[in-house]
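Engineer: Taken in order, these protein sequences are the chains called A, B, C and D. For the first sequence, the numbering used here assigns the number 1 to the initial residue and increments by one for each residue that follows. For the second sequence, the numbering used here assigns the number 1001 to the initial residue and increments by one for each residue that follows. For the third sequence, the numbering used here assigns the number 2001 to the initial residue and increments by one for each residue that follows. For the fourth sequence, the numbering used here assigns the number 3001 to the initial residue and increments by one for each residue that follows.
Quick caveat, the hints were computed from the structure, so don't treat them as lab data. Take these hints with a grain of salt, some might be off.
[As the list claims (entries may be wrong)] List time: in silico DSBU-like cross-link candidates among lysine-lysine, alpha-carbon distance up to 30 Å:
1) Lys2286(C) <-> Lys3177(D)
2) Lys3137(D) <-> Lys276(A)
3) Lys1272(B) <-> Lys1107(B)
4) Lys1122(B) <-> Lys1051(B)
5) Lys2066(C) <-> Lys1272(B)
6) Lys51(A) <-> Lys109(A)
7) Lys2280(C) <-> Lys2066(C)
8) Lys2177(C) <-> Lys3292(D)
9) Lys3228(D) <-> Lys1246(B)
10) Lys246(A) <-> Lys2272(C)
11) Lys1275(B) <-> Lys2137(C)
12) Lys3177(D) <-> Lys3292(D)
13) Lys1276(B) <-> Lys2137(C)
14) Lys2110(C) <-> Lys246(A)
15) Lys2227(C) <-> Lys1275(B)
16) Lys2285(C) <-> Lys2009(C)
17) Lys3066(D) <-> Lys276(A)
18) Lys1122(B) <-> Lys1246(B)
19) Lys2272(C) <-> Lys2066(C)
20) Lys2272(C) <-> Lys1276(B)
21) Lys1107(B) <-> Lys1275(B)
22) Lys276(A) <-> Lys122(A)
23) Lys1276(B) <-> Lys2280(C)
24) Lys1275(B) <-> Lys2272(C)
25) Lys246(A) <-> Lys2227(C)
26) Lys2177(C) <-> Lys2107(C)
27) Lys246(A) <-> Lys2280(C)
28) Lys3177(D) <-> Lys3286(D)
29) Lys2292(C) <-> Lys248(A)
[What the hints assert, rightly or not] DEER-style ranges, computed between Cβ atoms:
30) Glu2050(C) <-> Ser3156(D): 54 to 62 Å
31) Thr2262(C) <-> Thr1244(B): 53 to 61 Å
32) Lys248(A) <-> Met2109(C): 25 to 33 Å
33) Ser3156(D) <-> Ala2226(C): 37 to 45 Å
34) Asp3263(D) <-> Thr1244(B): 29 to 37 Å
35) Asn1053(B) <-> Ala2269(C): 37 to 45 Å
36) His3020(D) <-> Asp2069(C): 53 to 61 Å
37) Thr2289(C) <-> Thr1040(B): 51 to 59 Å
38) Glu2050(C) <-> Lys1037(B): 57 to 65 Å
39) Asp3225(D) <-> Lys2177(C): 24 to 32 Å
40) Tyr2133(C) <-> Asn1053(B): 33 to 41 Å
C-beta: ideal position from N, C-alpha, C; glycine also.
Residue strings, one per chain:
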Amino acid sequence: MARINVETFFQKLLPRTKRNLQYGMVDDRVFVQKEHKCPTCSNPVETDQLKENAFVCYHCNHHFRISAPERLRLLADNGEYQEFSGGLSSLNPLDFPDYEERFSAAKEKSGLDEAVKTVVCKIGGRETVVIVMSFQFMGGSMGSVVGEKITRAVLLAAQRGLPCVLFTASGGARMQEGIYSLMQMAKTSHAIALLERTRMPLIVVLTDPTTGGVTASFAMLGDITLAEPEALIGFAGPRVIEGTIKQKLPEGFQKSEFLQEKGFVDRVVPRKDLKKTLTFLIDAHIAIRGGKK
Amino acid sequence: MARINVETFFQKLLPRTKRNLQYGMVDDRVFVQKEHKCPTCSNPVETDQLKENAFVCYHCNHHFRISAPERLRLLADNGEYQEFSGGLSSLNPLDFPDYEERFSAAKEKSGLDEAVKTVVCKIGGRETVVIVMSFQFMGGSMGSVVGEKITRAVLLAAQRGLPCVLFTASGGARMQEGIYSLMQMAKTSHAIALLERTRMPLIVVLTDPTTGGVTASFAMLGDITLAEPEALIGFAGPRVIEGTIKQKLPEGFQKSEFLQEKGFVDRVVPRKDLKKTLTFLIDAHIAIRGGKK
Amino acid sequence: MTQRELQKKIRELKNLAAHHKLDIHEDLSRIASKIEGSESIDVTPWQRVELARHPNRPTTLEYIEKISDEYLELFGDRVFGDDPAMVGGIARIGGVAFTFIGHQKGKNMKENLRRNYGMAQPEGYRKALRLAYQAEKFGRPIITFVDTMGAFPGISSEERGISEAIARNLKEFSVLKTPIITTVIGEGGSGGAIGIAVADRVFMLENAVYSVISPEGCASILLRDAKKAQLAAGLMKMTARDLLSFGIIDGIVAEPPAGAHTDLSFVAARLKENILTHYKALSSKKLETVLKERSRRWLSFGEFYDPEEKEESFFKKFLPWGS
Amino acid sequence: MTQRELQKKIRELKNLAAHHKLDIHEDLSRIASKIEGSESIDVTPWQRVELARHPNRPTTLEYIEKISDEYLELFGDRVFGDDPAMVGGIARIGGVAFTFIGHQKGKNMKENLRRNYGMAQPEGYRKALRLAYQAEKFGRPIITFVDTMGAFPGISSEERGISEAIARNLKEFSVLKTPIITTVIGEGGSGGAIGIAVADRVFMLENAVYSVISPEGCASILLRDAKKAQLAAGLMKMTARDLLSFGIIDGIVAEPPAGAHTDLSFVAARLKENILTHYKALSSKKLETVLKERSRRWLSFGEFYDPEEKEESFFKKFLPWGS
Ligand SMILES: [Zn+2]
Ligand SMILES: [Zn+2]
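Generate the whole structure from the sequences, applying the supplied hints.
Structural biologist: See below:
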């Protein structure tokens, strides 16, 4: 049986998406936890100083959770990127009580419009599709919009022959969307199956925390899987597991370093080395294929 | 890049091998251990009665080691098969001391000419390439001839679009052939890679004992992997491992049942069910593909 | 236009209405249930949950036994172990060989301990994928049966990569070059369920449930009261009827009024008939068509408002496989 | 006609002579060493074994470090763990990205405990294969370094399928769609070595050894005297020169007279030059040609007498890829 020609599809898609891709300046709104103490070393921290240090504790190296705009400020060349699929908005397909209210509250509290932002930007000079989840928006939960945006972004990378970098941060499914939420696991994973055929790399960066259905789908499907230090990464959350086994979990269980040791993470990379590492990897995956630097 | 056209090769090969494939009657010479006691239950056993019972102890179900002709008597429809590549004979490429002598002694003692027999026969009415190793010949060790015969048989299956059934029984490499012996692991495995492309099934049946380089090559490369009960199957032999870890091995370690539990054996099948199981499997792999039964 | 497509149109209309704050919800629901042809039977969602979890509910191996003329179970994932909570093998039905894969619960305490109550570990999902690849290689259609409260949430499962195992299955099953038919026969619990449920056709037994989280989990997390499971069972919309109306599944296989466990032969016969009917339909198409339709199916799931595309979704217009 | 092919012809002649009991063995050996251009240096096989095992002998990571402009090590097999006895990652040399894979010994006791003396477990071989697939997908050539006394012979290794892991590598590397260049840099011990040594070109450092069993193992099993390891080292014909004369390897990378550990930079430079030369040669061919030649190479190994084919081997005449 002949292979399906995915390329034809992506060529069809090309002119349409291209028109949106004009670079703009980064949106400077940033969401950071409001604590004034580092949760790891308990030393007092200053937000401005933290920001200078890529939101890594300057006492103990704790990596604070950051949201999409801050991540992009750190990653994109000159902090410039172009967002797409920004206008999609959630519905309440199950008529689940309070979903709309919770959603609006999350919007207000986080200054974000969803748990994922999909953009095109340059990293080390190379155009890249970047997907960034924000745990700050409803626990980074994946509903229909998150699934759709990630799917479109992955297929955009496939279509335009761009590398794709995906930052995860999620508590799992958006339960208020019920079965639709579960279906996003398969939908995003299928998009990655299609990307695979174009042989464009997907580089996943796991950040704290990444659990549930997000971990059990696109988070584990990168060609390269990086992780920030000490991030919690798992399918079942620690409390669920403790509930099952009726005992405390061992130290370091489900942390990035644990996953590297267990063979599921290629490398734990400190946030300050991340851009350099991603640049090298993007380069290594593109250079050999006739690209130029 | 286009797939390599293996089929062309096999078509070229066809007329040559076909001429050898006239069915003859089974060679009735059988090599069985001379013990008069069952090694498992220590009860006395009669060779004739054993033979009636497929060389399975009629007291305790111990499966005696049997050599290629006996295996074929049990397996092939009407005990009929046609051997090929029978004329290949070993050299002494390393000029290893006593190799020729040991080889001649093995021939005489076992009544076999090498540690493997490659034949075409019918199983449940379907023409099948069958490869049978004999532990009785120099511990079933794999030298250049064993590697070549297995390779040719596997490629014959590929060429003629026949299923291939492979019975292993080996202590590993034929050390007297040094590096040539090691290369047979890669050679036979590559042949299986070529067979894979033709989508003809390779069904491996592990018998007692299968260890060393044979286990770490074709023995583990079946589409379906069966094993006779209680067979010893491993890479390192039990004594080597005990030497490394300085303690006794647990009960049942490296036995067929252990390997099934560890996920490396599809099914442990008693010898008396083997023909039925193989018939079903060959049928299931051929029937769907336009064959008829 | 199939029933699933009709349902989809209604949902789109409903979503649009919701966005524009039009109150046509009730009307649409009424239309929907008319399309279904469903008379309202008095079984509550919670009762379905209880039937789906009934200790005597038939299991995967029982259905395989009933459905196939000959069946050979195969074991192992080829990397770590064999998981008794996930079973599979090769079966012959008439002149066709199928690969069966399914979660396996026990029917008594002892068996349930061995089968881990049907909660599979990474080995189970990897065995499933191994058998699926084998099926693909030899052109065998794949039939999967879903029956799990979820993947096993334990240390062993996490450290051997349950997330990776499920994720890989989702990706690989979505492009596997052979027809796949799934039926949720009991509990369809979350990631553990969908890990073997990416298929060309998905069915549910009448009293099966399928959801992103258990009613208990939903109650304790979203309703902040673990005792509200019965309420949650309704809110989660997890019955076969719900999922059919969402267009997530393709049909419902009938059970006797008191549940599948009261008449295994009846249900197995319906199940077999349904599988063979849809296998025939799928095998009459070109494999390429089957794959295109599978791709379209899985990319289409999700309900959201897209201002640029209006009610036409991105993927509907720019399907990888054409429209 | 390359050196390897010339050697092969001589071997065929020798085998024929042996079969017909012609005593031309000495003469042929003399011709063979003339072709090699080798002056007989007074290093015994056992001395080579000792050099290959020298505690200061440079390891895989040291060579990678020296050879590449940038290197990123990647970890894990994606199913069970990361094996520190097998390393690998992506390196840039000039404008080309390579995938490196190799056994990794420690240079002191502590490191050796962590690295298990370079004896890899199934995880190691599966990591190697994972990185190899990755290389294939992204068109990166693969460079492997062999340096192990063998795969780990322990309980953990057996129960997680060391045989399966090695076997699968042999099969998959033999058809991997990217050029592969292997160098035995120290010990090439049995299945553990060949598990990452199925390649288009195989080289050995001058003092590396490569054999089906250790001299100690050979002595105790075949010579029935464990103390005869030095004798066995000679009988096994395991030096680079032996393997070149057998046509098993393609060339020898020179070391300083006292061994690689006395001048890492020198050896690394030779190694790099050799790798890049052969990478260039391979990359100038069509990938299809590379694969045909690889197939031919691996099917050709073995010395035997075939009465039907005379000195022409079955595969020589009926090569899968034509002659
Ligand atoms: Zn701190
Ligand atoms: Zn007995």
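Engineer: Hint by hint, say whether it matches the structure.
Structural biologist: Now for the hints, and whether the structure bears them out:
1. Lys2286(C) <-> Lys3177(D): Holds, because 29 Å separates the two Cα atoms, which is no more than 30 Å.
2. Lys3137(D) <-> Lys276(A): 23 Å, holds
3. Lys1272(B) <-> Lys1107(B): 29 Å, holds
4. Lys1122(B) <-> Lys1051(B): Holds. Lys1122(B) to Lys1051(B) sits at ~21 Å (cutoff 30 Å).
5. Lys2066(C) <-> Lys1272(B): Judged against 30 Å, a Cα distance of about 26 Å means the pair holds.
6. Lys51(A) <-> Lys109(A): 20 Å, holds
7. Lys2280(C) <-> Lys2066(C): Holds - the C-alpha atoms of Lys2066(C) and Lys2280(C) are around 19 Å apart, at most 30 Å.
8. Lys2177(C) <-> Lys3292(D): Within the cut-off at roughly 27 Å; holds.
9. Lys3228(D) <-> Lys1246(B): 24 Å, holds
10. Lys246(A) <-> Lys2272(C): Not OK: Lys246(A) and Lys2272(C) at ~42 Å, beyond 30 Å, violated.
11. Lys1275(B) <-> Lys2137(C): 24 Å, holds
12. Lys3177(D) <-> Lys3292(D): The hint holds at about 11 Å.
13. Lys1276(B) <-> Lys2137(C): Distance ~23 Å between Lys1276(B) and Lys2137(C) Cα, so the pair holds.
14. Lys2110(C) <-> Lys246(A): 21 Å, holds
15. Lys2227(C) <-> Lys1275(B): 57 Å, violated
16. Lys2285(C) <-> Lys2009(C): Holds - the C-alpha atoms of Lys2009(C) and Lys2285(C) are around 25 Å apart, at most 30 Å.
17. Lys3066(D) <-> Lys276(A): 21 Å, holds
18. Lys1122(B) <-> Lys1246(B): At roughly 48 Å apart (the allowed maximum being 30 Å), Lys1246(B) and Lys1122(B) break the hint.
19. Lys2272(C) <-> Lys2066(C): Cα-Cα ~9 Å, so holds.
20. Lys2272(C) <-> Lys1276(B): 25 Å, holds
21. Lys1107(B) <-> Lys1275(B): 29 Å, holds
22. Lys276(A) <-> Lys122(A): Status holds; Cα separation ~13 Å.
23. Lys1276(B) <-> Lys2280(C): OK: Lys1276(B) and Lys2280(C) at ~29 Å, within 30 Å.
24. Lys1275(B) <-> Lys2272(C): Holds, at roughly 29 Å.
25. Lys246(A) <-> Lys2227(C): 21 Å, holds
26. Lys2177(C) <-> Lys2107(C): 34 Å, violated
27. Lys246(A) <-> Lys2280(C): 49 Å, violated
28. Lys3177(D) <-> Lys3286(D): 11 Å, holds
29. Lys2292(C) <-> Lys248(A): Violated, at roughly 47 Å.
30. Glu2050(C) <-> Ser3156(D): 54 to 62 Å: 44 Å, violated
31. Thr2262(C) <-> Thr1244(B): 53 to 61 Å: At roughly 58 Å between Cβ atoms, Thr1244(B) and Thr2262(C) fall inside 53 to 61 Å, so the hint holds.
32. Lys248(A) <-> Met2109(C): 25 to 33 Å: Taking Cβ atoms as reference, Lys248(A) and Met2109(C) lie about 27 Å apart, which means the hint holds.
33. Ser3156(D) <-> Ala2226(C): 37 to 45 Å: 41 Å, holds
34. Asp3263(D) <-> Thr1244(B): 29 to 37 Å: 34 Å, holds
35. Asn1053(B) <-> Ala2269(C): 37 to 45 Å: Given about 41 Å between the Cβ atoms, the range holds.
36. His3020(D) <-> Asp2069(C): 53 to 61 Å: Hint holds: Cβ distance 59 Å, inside 53 to 61 Å.
37. Thr2289(C) <-> Thr1040(B): 51 to 59 Å: Taking Cβ atoms as reference, Thr2289(C) and Thr1040(B) lie about 57 Å apart, which means the hint holds.
38. Glu2050(C) <-> Lys1037(B): 57 to 65 Å: The hinted range 57 to 65 Å holds for Glu2050(C) and Lys1037(B), with Cβ atoms some 60 Å apart.
39. Asp3225(D) <-> Lys2177(C): 24 to 32 Å: The hinted range 24 to 32 Å is violated for Asp3225(D) and Lys2177(C), with Cβ atoms some 57 Å apart.
40. Tyr2133(C) <-> Asn1053(B): 33 to 41 Å: 38 Å, holds
Comparing the model with each numbered hint stated earlier shows that hints 10, 15, 18, 26, 27, 29, 30 and 39 do not hold.
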